Amino acid sequence: MKWIPRWMHELSSPPVFYRFAGVMRPWFMGFALLLTAIGLYGGLVLAPPDYQQGDAFRIIYIHVPSAEMSLFVYGVMAIAGFIAVVWRIKLAESVAMQSAPIGAAFTFITLVTGSLWGEPTWGTWWTWDARLTSELVLLFLYLGVIGLFHAFEDRRQGARAASFLVLVGVVNLPIVHYSVQWWHTLHQGTTVRLFGPSSIEGDMLWPLLVMMLATKFYWAASLCGRVRTDLLSIDSGKHWVRDLADREGR
Amino acid sequence: MDSPHRYWENGTDRDSEANRMVSPPPVLFEARALLFLRQDEPVFGPLDFHLDRGEILLVEGDNGSGKTTLLRVIAGLLRADGGSMHLDGQILDHDSAQGRLLLLAHQLGLKGDLSPLENLRVAVGLHGCREHITPRDALRNVGLQGYENEPVRQLSAGQKKRAALARLLLLPAELWLLDEPFANLDREGIALVNRVIERHAEEGGAALVTSHGAVTFLHGQPRRLRLAS
Amino acid sequence: MRPGSLRAACAAILRRDLLLAWRRRGDIALPVLYALIVTTLFPFALGPDTALLARVAGGVVLVTVLLAMLLAFDALFRQDLEDGSLEQLMLAPQPLALMLGMKILAHWLSTALPLIIVAPVLASMLHLPGEAIAVLVLALLLATPLLSLLGAVLVALTAGTRRSGMLLALMLLPLCVPVVIFAAGAVSAAQTGLPWIAPVAWLAAALALMLVLAPLACAAALRIAIDA
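For the protein sequence lines, the chains are H, A and D, in the order given.
Each residue of the first sequence is one higher than the one before, starting from 1 at the first, in the working numbering.
Each residue of the second sequence is one higher than the one before, starting from 1 at the first, in the working numbering.
Each residue of the third sequence is one higher than the one before, starting from 1 at the first, in the working numbering.
Simulated from the structure, these hints should not be mistaken for laboratory data.
These numbers were taken from a predicted model, which means no experiment stands behind them.
Built from N, CA and C at the ideal position, the CB exists for glycine as well.
Any given hint might turn out to be false.
[As the list claims (entries may be wrong)] Pairs of lysine to any residue residues, derived as SDA-like cross-links and limited to a Cα-Cα distance of at most 20 Å, are as follows:
1. H:90 x H:240
2. H:90 x D:82
3. A:160 x D:82
[As the list claims (entries may be wrong)] From the derived model, a few chain H residues whose C-beta atoms are all more than 12 Å from chain D:
4. 56
5. 126
6. 233
7. 247
I would like the entire structure built from these sequences, with the hints used as guidance.
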């Protein structure tokens, strides 16, 4: 693994990452809160109401960043999972497995907000729209990964097995998406037209971009916290954790 | 074992007659700084040992000292966390190991619904067979004549073990990894295992044998490898 | 005899697993019985309206077959893992993926094939028209091996865990969505007189791909799961 830069190699050592994540986490969280405040103010107050949907469209500022995050987190999980399966690096296993609940939460928020948005605009809470259905399948995939991880007695083995499932899912997700689209055109259900991104005005767009950035920072902060806790529990018998406990316990 | 059959066929030089003249290097298996971790704690190792052709190495240690784990690592079922293993001077891995070593584990790998004969035929299909021996011969040699067609699940624990020993006799492999081969056996069975192992060694093979009890071989004492717990 | 040839090894594994299935033929009947019971329940739940039943028949039979297969998946590696046969298989001088492929084939022959054979009966109980039944059988012939292959990868992943039927269902669902969509799509296209060849071709393409990939993934997954 000579091609891995030295700093990455050092960072993958649990005690180093523990300290690094501890330093970075408050900053990530601070940015996340600040950007969320700006984004929500821009989206809920400054942006003009949509000429068709009125104020109902404003849920987009939660829905779209969450939907984007549900895929983004899966992507991160897949990269970490690949490293975990191939090189068995402890930090990668931890990152992959600790990403799963965050991704599942974003997916769940996407489904709930999509459903809330659907009621006033489409007149129904749930429709078998291609994108919503794919999102539901994604949620099941996240839950399967979490379930498999917890089914093993050995955490690291569970992490590797679940990481493998993540990689299987990477192949599967596009297939699901396109097959669901095909299925949708075949069955000619309620025709749903979300407005295309091109129709978004600048005043409506910038808060959305800010919110997307805010969710990234929130994810980074959340992941730092979760991985820190996870590393402590995996390495609970190791010197660095004992030293830490002695110092903190004083 | 007064059978006329030749059990051991040398794996490295079976391809050409000319090669039979060259005697193979004495060291068959070598472990260098072999290490296995669980929860970052060493289960065994780092271990350095080697096994010559014709040699039996007895792995001793208390329960939980990693004897079984060591055998499973050598068999390639578990991945070592450090060090290296060499078979005939070649690095041992999943691919090169296959077929050259056999494992007799706690779970014998016999199908309860099949007869010993059917089980052996499957093993022969997977591994191939030594020359001049058939599954029936092998079963006779371990004293299972008359039980060839009984379902394995109806055999006693000792008889199951004998059926698994018959597989060792039948399949061509140089290195035997025997995990507690004496367990579940009566005095006669233990003598049988001893004969089988010593025969294998005489014919140029090698065996790594674990045991937590005292073991006496017929001819001399084998080298011992002690695993600390 | 020389170290086992590839063909001899494949034949040995296939023969062994089919023989084992035959020795326990009662287990072969269980998924079929399950499918029969589930299919019988639908008219009770939906009412005996012929037109309604005919409309849902294809989908009902497909999902029923899928669930029946799901019940049988657990047996794929569990026995081999418990009696040590799987370790012996991994030590054999044969490509593990190919050997697992043979196991999957034997499992398909002993669980999915009986289901495909009764599928026309189940479909006609729900008044699916004749030509659609033919397409249903064709779709099942392509979809069930796909499910077997996908399922085998997941069963291999759960091989190191305690019994986990529900978990397997949760893991399999996202993977089998496309299979169900295309198989059911073909049947419903045939029912409405539309061309059904496209979804069947998609299934065939996916099957060709998975025939190569799934045994390899299965072997890799098993090595992870057994590593304890």
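(request) Below or equal to 20 Å on CA atoms is what counts here, so check residue 90 of chain H against residue 82 of chain D. (result) Cα-Cα ~29 Å, so violated.
(request) Sort out whether residue 82 of chain D lies within 20 Å of residue 160 of chain A, counting only the CA atoms. (result) Judged against 20 Å, a Cα distance of about 15 Å means the pair holds.
(message) According to the definition I'm using, a residue is off the interface if its beta carbon is farther than 12 Å from all beta carbons of the partner; does residue 233 of chain H meet that for chain D?
(response) 19 Å, holds
(request) Could you let me know if the closest chain D CB is still more than 12 Å away from the CB of residue 56 of chain H? (result) Residue 56 of chain H is indeed farther than 12 Å from all Cβ atoms of chain D, at 30 Å.
(message) Does residue 240 of chain H sit within 20 Å of residue 90 of chain H, going by the straight-line distance between their CA atoms?
(response) Holds, at roughly 15 Å.
(message) Verify this label for me: residue 247 of chain H is non-interface relative to chain D, using a Cβ-Cβ cutoff of 12 Å.
(response) 34 Å, holds
(message) Please check whether the beta-carbon of residue 126 of chain H is more than 12 Å away from every beta-carbon in chain D.
(response) 17 Å, holds
The structure does not agree with numbered hint 2 stated previously, though it agrees with all others.
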